[in-house]
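Chains as they are written, first to last, in my numbering: chain A, 1 to 134; chain B, 1 to 465.
Since the hints were made in silico from the structure, they are not lab data.
One or more hints might be untrue.
Unchecked claim - Simulated coverage check for chain B against chain A, where a stretch passes if three residues somewhere in it have a Cβ under 8 Å from a Cβ of chain A:
{"#": "1", "segment": "191-203"}
{"#": "2", "segment": "248-254"}
{"#": "3", "segment": "258-265"}
Said to hold, decoys possible - Result set (BS3-like, lysine-lysine): computed pairs, CA atoms no more than 30 Å apart in a straight line:
{"#": "4", "chain 1": "B", "residue 1": "K241", "chain 2": "A", "residue 2": "K19"}
{"#": "5", "chain 1": "B", "residue 1": "K241", "chain 2": "A", "residue 2": "K130"}
{"#": "6", "chain 1": "B", "residue 1": "K283", "chain 2": "A", "residue 2": "K19"}
{"#": "7", "chain 1": "B", "residue 1": "K283", "chain 2": "B", "residue 2": "K385"}
{"#": "8", "chain 1": "B", "residue 1": "K314", "chain 2": "B", "residue 2": "K385"}
{"#": "9", "chain 1": "B", "residue 1": "K314", "chain 2": "B", "residue 2": "K304"}
{"#": "10", "chain 1": "B", "residue 1": "K324", "chain 2": "B", "residue 2": "K241"}
{"#": "11", "chain 1": "B", "residue 1": "K304", "chain 2": "B", "residue 2": "K283"}
{"#": "12", "chain 1": "B", "residue 1": "K21", "chain 2": "B", "residue 2": "K211"}
{"#": "13", "chain 1": "B", "residue 1": "K378", "chain 2": "B", "residue 2": "K313"}
{"#": "14", "chain 1": "B", "residue 1": "K305", "chain 2": "B", "residue 2": "K283"}
{"#": "15", "chain 1": "B", "residue 1": "K273", "chain 2": "B", "residue 2": "K73"}
{"#": "16", "chain 1": "B", "residue 1": "K367", "chain 2": "B", "residue 2": "K268"}
{"#": "17", "chain 1": "B", "residue 1": "K387", "chain 2": "B", "residue 2": "K304"}
{"#": "18", "chain 1": "B", "residue 1": "K229", "chain 2": "B", "residue 2": "K283"}
{"#": "19", "chain 1": "A", "residue 1": "K19", "chain 2": "B", "residue 2": "K273"}
{"#": "20", "chain 1": "B", "residue 1": "K305", "chain 2": "B", "residue 2": "K428"}
{"#": "21", "chain 1": "B", "residue 1": "K313", "chain 2": "A", "residue 2": "K130"}
{"#": "22", "chain 1": "B", "residue 1": "K427", "chain 2": "B", "residue 2": "K367"}
{"#": "23", "chain 1": "A", "residue 1": "K68", "chain 2": "B", "residue 2": "K241"}
{"#": "24", "chain 1": "A", "residue 1": "K19", "chain 2": "B", "residue 2": "K266"}
{"#": "25", "chain 1": "A", "residue 1": "K130", "chain 2": "A", "residue 2": "K80"}
{"#": "26", "chain 1": "A", "residue 1": "K80", "chain 2": "A", "residue 2": "K44"}
{"#": "27", "chain 1": "A", "residue 1": "K41", "chain 2": "B", "residue 2": "K324"}
{"#": "28", "chain 1": "B", "residue 1": "K268", "chain 2": "A", "residue 2": "K19"}
{"#": "29", "chain 1": "A", "residue 1": "K130", "chain 2": "A", "residue 2": "K41"}
{"#": "30", "chain 1": "A", "residue 1": "K3", "chain 2": "A", "residue 2": "K44"}
{"#": "31", "chain 1": "B", "residue 1": "K266", "chain 2": "B", "residue 2": "K324"}
{"#": "32", "chain 1": "B", "residue 1": "K314", "chain 2": "A", "residue 2": "K130"}
{"#": "33", "chain 1": "A", "residue 1": "K4", "chain 2": "A", "residue 2": "K83"}
{"#": "34", "chain 1": "B", "residue 1": "K305", "chain 2": "B", "residue 2": "K387"}
{"#": "35", "chain 1": "B", "residue 1": "K73", "chain 2": "A", "residue 2": "K130"}
{"#": "36", "chain 1": "B", "residue 1": "K73", "chain 2": "B", "residue 2": "K21"}
Heads up, the beta-carbon is just placed ideally off N, CA and C, and yes, glycines get one too.
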Amino acid sequence: MSKKILIIDDDPDIVETMKTVLESRAYQVETAANGTEGLEKVKKFDPNLIILDVMMDSITEGFHITYKLRSPEPSSEFAKWSKTPIIMVSAINTTSHFKYSPQTDSDFLPVNEFLNKPIEPENLLAVVEKCLAK
Amino acid sequence: MAVSVPKGLEIRIFELLGRLKWLTDLRWLATIGVIAVVEFSLIALKVNLSRGPLYTCIFIMAAGNLVFVYLVKRLFTQSQSGTGAIEFRAERAQLIANAQTVFDLAVLTALLHYAGGIDNPFNFYYIFHIVIASMLLEPFHCYMQAALASALYSGLIILEHFNVLSRYNIFETAICPLGFLKTAGAAAAFTTTMIITAYITTSISQRLRLKENLLLETNMKLVDLDAKKSEFVMVVAHELKSPLGTIQFMLKSLTGGYSGATVDDKAKEQIAKVETRAAGLLKLVTDLLDLSKIKTGFGAKEFKKVSLVEKLKKAVETMNVQAKAASVTISETIDGKDEDFIIDGDAEYLDNVIINVISNAVKYNHKDGTVVISLERKGGTVVFKCKDSGIGIPKEEQHLIFEEFHRTSISKKHTTNGTGVGMAITKKIVEYHNGTISIDSEPGRGSEFTITFPVNNQRKQNDQL
Chain A
1 MSKKILIIDD
11 DPDIVETMKT
21 VLESRAYQVE
31 TAANGTEGLE
41 KVKKFDPNLI
51 ILDVMMDSIT
61 EGFHITYKLR
71 SPEPSSEFAK
81 WSKTPIIMVS
91 AINTTSHFKY
101 SPQTDSDFLP
111 VNEFLNKPIE
121 PENLLAVVEK
131 CLAK
Chain B
1 MAVSVPKGLE
11 IRIFELLGRL
21 KWLTDLRWLA
31 TIGVIAVVEF
41 SLIALKVNLS
51 RGPLYTCIFI
61 MAAGNLVFVY
71 LVKRLFTQSQ
81 SGTGAIEFRA
91 ERAQLIANAQ
101 TVFDLAVLTA
111 LLHYAGGIDN
121 PFNFYYIFHI
131 VIASMLLEPF
141 HCYMQAALAS
151 ALYSGLIILE
161 HFNVLSRYNI
171 FETAICPLGF
181 LKTAGAAAAF
191 TTTMIITAYI
201 TTSISQRLRL
211 KENLLLETNM
221 KLVDLDAKKS
231 EFVMVVAHEL
241 KSPLGTIQFM
251 LKSLTGGYSG
261 ATVDDKAKEQ
271 IAKVETRAAG
281 LLKLVTDLLD
291 LSKIKTGFGA
301 KEFKKVSLVE
311 KLKKAVETMN
321 VQAKAASVTI
331 SETIDGKDED
341 FIIDGDAEYL
351 DNVIINVISN
361 AVKYNHKDGT
371 VVISLERKGG
381 TVVFKCKDSG
391 IGIPKEEQHL
401 IFEEFHRTSI
411 SKKHTTNGTG
421 VGMAITKKIV
431 EYHNGTISID
441 SEPGRGSEFT
451 ITFPVNNQRK
461 QNDQL
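Modelling step: build the complete structure from the supplied sequences, incorporating the hints.
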């Protein structure tokens with residue numbers, strides 16, 4: 001069965017292009033244009049991997065989603081996806097930006113990989129493969 | 001502008017405090033001077049002085065100065081940390097300035113009294129105090145001080161004349177055994193001297209102060225405008241960056257054959273050209289963003305330990321791809337242990353500097369050219385050199401390369417691909433790290449950039465790049 005990928009990004013052109021690139025490798029792709037929609041799609045679509053844009057409506061929206069998904073409480077409705085890999089698309093690529101986090105200890109890494117903008121198709125595929133291989 | 005008013009006042013307080021500090025320094029010197037004059041007059045000139053009252057005055061002078069040093073220092077720290085209302089601090093500074101002048105005039109009068117009164121030739125020292133007062137005080141206060149000086153001195157000589165105050169005869173026979181009218185005349189002459197001095201000095205300092213205020217205001221407006229412009233550039237650049245990134249991504253997936261659309265070779269060639277132009281544009285926008293970030297202090301960060309050897313090796317590795325394409329060889333020598341080149345700084349910014357310098361050395365080079373990089377430790381500084389065999393920069397243009405948006409005539413001929421921002425950013429970052437950057441270059445022979453960084457560094461608080 002092909003792997004399912006959810007893209008959450010507010011730039012429709014980026015979303016569409018990412019979708020085509022990923023579909024060319026036979027991934028099953030679903031998209032969402034904002035954080036709220038994204039979280040709904042997570043429940044509905046049950047993805048194997050999430051690609052998330054860091055800056056959407058608000059600067060930290062992407063981060064907020066990661067904390068929702070990575071919430072350590074077992075009672076959380078998203079507990080099922082707490083281990084689902086997340087790729088964060090952003091112009092930043094250091095963990096120092098996690099100061100928004102209520103928890104900043106080193107064990108807690110909400111994002112598996114960073115993908116730098118501008119996105120390179122080859123790079124996107126490589127990072128996706130790496131995350132899914134785990 | 002509403003913001004500039006307290007800011008200007010703040011600068012003026014600092015200015016006044018600086019002058020007050022200078023005045024306290026001067027008073028220490030005066031104390032030593034008075035002691036020297038007293039001792040010289042006693043020993044060499046055999047003038048009839050009594051040490052007791054004079055040294056009491058000198059002691060008061062020194063003790064008073066200690067108080068003023070403390071007051072000025074306290075106000076200075078308050079101003080630095082910005083505690084208390086600014087108007088209150090301005091008032092305080094004026095008050096201290098006035099108090100210092102009154103104190104000086106009183107001490108001078110006492111010294112003169114115990115050293116001969118009207119006979120003492122040091123009476124013209126009052127003029128100095130009025131000149132200083134005109135620099136420190138509002139004109140009205142300066143006139144008041146002149147009036148005080150007149151009253152003190154005239155009062156002294158008249159009271160001494162009527163023997164209300166005892167006269168200390170310093171010479172065997174007094175020079176000035178004047179009658180009352182003549183004494184009153186001397187007092188009047190002195191008074192006019194004071195008033196005229198106050199008039200001349202205040203009108204000159206008034207004009208200077210007006211001009212200074214005008215310049216200060218203009219300068220602050222310009223600084224403000226420049227900051228706004230940088231901010232605007234940053235916003236625009238940010239808005240441009242995102243769609244440009246999308247364009248590049250879409251073009252790449254098109255030429256990479258991911259889109260499913262069939263693209264013939266002719267179209268592919270044209271798309272590749274579009275992509276190159278988009279990449280150039282993106283580089284310009286990224287540079288602009290970096291520059292405005294640096295200028296607005298947006299990117300100001302705390303310093304951490306950074307290994308320059310590590311940064312250099314990584315940069316060379318990255319640049320080797322470009323160098324290979326241009327048939328340029330990069331070589332590096334590190335003169336010392338890795339630990340010698342760990343400095344305090346910001347990793348991202350230092351990365352930027354090293355990559356920028358090496359990338360220029362590769363870009364403005366000839367086929368089969370060389371780039372020689374060296375790291376050296378000299379005492380407390382690290383010296384980074386990058387020498388290329390490239391096109392070089394004419395002498396008259398060398399100072400311009402660190403200006404924003406400047407591209408040398410020779411570089412424009414060499415490649416159209418450049419924004420003229422890189423070196424400006426590099427210089428700003430180097431200076432931010434308290435380092436220096438210099439260039440030695442000759443057209444046709446190549447360029448050598450020398451950058452130094454202090455090993456131990458601390459970023460000043462509220463410091464902007």
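Here's how the hints hold up against the structure:
1. Using a Cβ-Cβ cut-off of 8 Å, 0 residues of the segment 191-203 of chain B lie near chain A, which falls short of the minimum of three, so the contact claim is violated.
2. For the segment 248-254 of chain B, the stated coverage by chain A is satisfied: 5 residues place a CB nearer than 8 Å to a CB of that chain, which reaches the threshold of 3.
3. Counting residues of the segment 258-265 of chain B whose CB falls under 8 Å from any CB of chain A gives 3; the rule of at least 3 is met.
4. In summary, the hint linking K241(B) to K19(A) is supported, as the alpha carbons are separated by about 21 Å, within the 30 Å threshold.
5. For the hint pairing K241(B) with K130(A), the CA-to-CA distance comes to about 28 Å; that is within 30 Å, so the pair holds.
6. At roughly 26 Å between alpha-carbon atoms, K283(B) and K19(A) fall within 30 Å of each other, so this suggested pair holds.
7. Between K283(B) and K385(B) the alpha-carbon distance is near 25 Å, which keeps this suggested pair within the 30 Å criterion.
8. Between the alpha carbons of K314(B) and K385(B) the distance comes to roughly 16 Å, so the proposed pair stays at or under 30 Å and holds.
9. For the suggested pair K314(B) and K304(B), the alpha carbons sit about 18 Å apart, so the restraint of at most 30 Å is met.
10. The straight-line distance between the Cα atoms of K324(B) and K241(B) is roughly 29 Å, inside the 30 Å bound, and the hint therefore holds.
11. Pair hint K304(B) plus K283(B) holds up; C-alpha atoms about 28 Å apart against a cutoff of 30 Å.
12. With a C-alpha separation of about 23 Å, the suggested pairing of K21(B) with K211(B) holds against the 30 Å cut-off.
13. Taking the CA atoms of K378(B) and K313(B), the gap is about 20 Å. The hint holds against a cut of 30 Å.
14. The straight-line distance between the Cα atoms of K305(B) and K283(B) is roughly 29 Å, inside the 30 Å bound, and the hint therefore holds.
15. A distance of roughly 65 Å separates the Cα atoms of K273(B) and K73(B); the hinted pair therefore is violated under the 30 Å criterion.
16. About 28 Å separates the Cα atoms of K367(B) and K268(B), which keeps this hinted pair within 30 Å; it holds.
17. Taken as a hint, the K387(B) and K304(B) pair is honoured in the structure, with Cα atoms around 28 Å apart against an allowance of 30 Å.
18. At most 30 Å may separate the alpha-carbon atoms for a hinted pair to count; K229(B) and K283(B) meet this at roughly 20 Å.
19. At roughly 25 Å between alpha-carbon atoms, K19(A) and K273(B) fall within 30 Å of each other, so this suggested pair holds.
20. For the suggested pair K305(B) and K428(B), the alpha carbons sit about 20 Å apart, so the restraint of at most 30 Å is met.
21. A hinted pair counts as satisfied when its Cα atoms are at most 30 Å apart, and K313(B) with K130(A) qualifies at roughly 26 Å.
22. Distance check on the hinted pair: K427(B) and K367(B) sit about 28 Å apart at the alpha-carbon level, within 30 Å; holds.
23. As the CA atoms of K68(A) and K241(B) are separated by approximately 29 Å, the hinted pair is consistent with the 30 Å bound.
24. Taking the CA atoms of K19(A) and K266(B), the gap is near 26 Å; set against the 30 Å cutoff, the hint holds.
25. Among the hinted pairs, K130(A) with K80(A) is consistent with the structure: their alpha-carbon atoms are about 21 Å apart, no more than 30 Å.
26. Pair hint K80(A) plus K44(A) holds up; C-alpha atoms about 12 Å apart against a cutoff of 30 Å.
27. Annotation: proposed proximity of K41(A) to K324(B) is violated, straight-line Cα distance about 47 Å (limit 30 Å).
28. At roughly 21 Å between alpha-carbon atoms, K268(B) and K19(A) fall within 30 Å of each other, so this suggested pair holds.
29. Between the alpha carbons of K130(A) and K41(A) the distance comes to roughly 23 Å, so the proposed pair stays at or under 30 Å and holds.
30. This hinted pair checks out: K3(A) and K44(A) have alpha carbons roughly 15 Å apart, not beyond 30 Å.
31. Among the hinted pairs, K266(B) with K324(B) is consistent with the structure: their alpha-carbon atoms are about 27 Å apart, no more than 30 Å.
32. Of the pairs offered as hints, the one joining K314(B) and K130(A) holds, with about 23 Å between alpha carbons and a cut-off of 30 Å not exceeded.
33. Distance check on the hinted pair: K4(A) and K83(A) sit about 15 Å apart at the alpha-carbon level, within 30 Å; holds.
34. Pair hint K305(B) plus K387(B) holds up; C-alpha atoms about 26 Å apart against a cutoff of 30 Å.
35. Between K73(B) and K130(A) the CA atoms are separated by roughly 62 Å; this puts the pair beyond 30 Å, and the hint is violated.
36. Taking the CA atoms of K73(B) and K21(B), the gap is about 8 Å. The hint holds against a cut of 30 Å.
Violated hints, in rising order: 1, 15, 27 and 35; the structure is consistent with all others.
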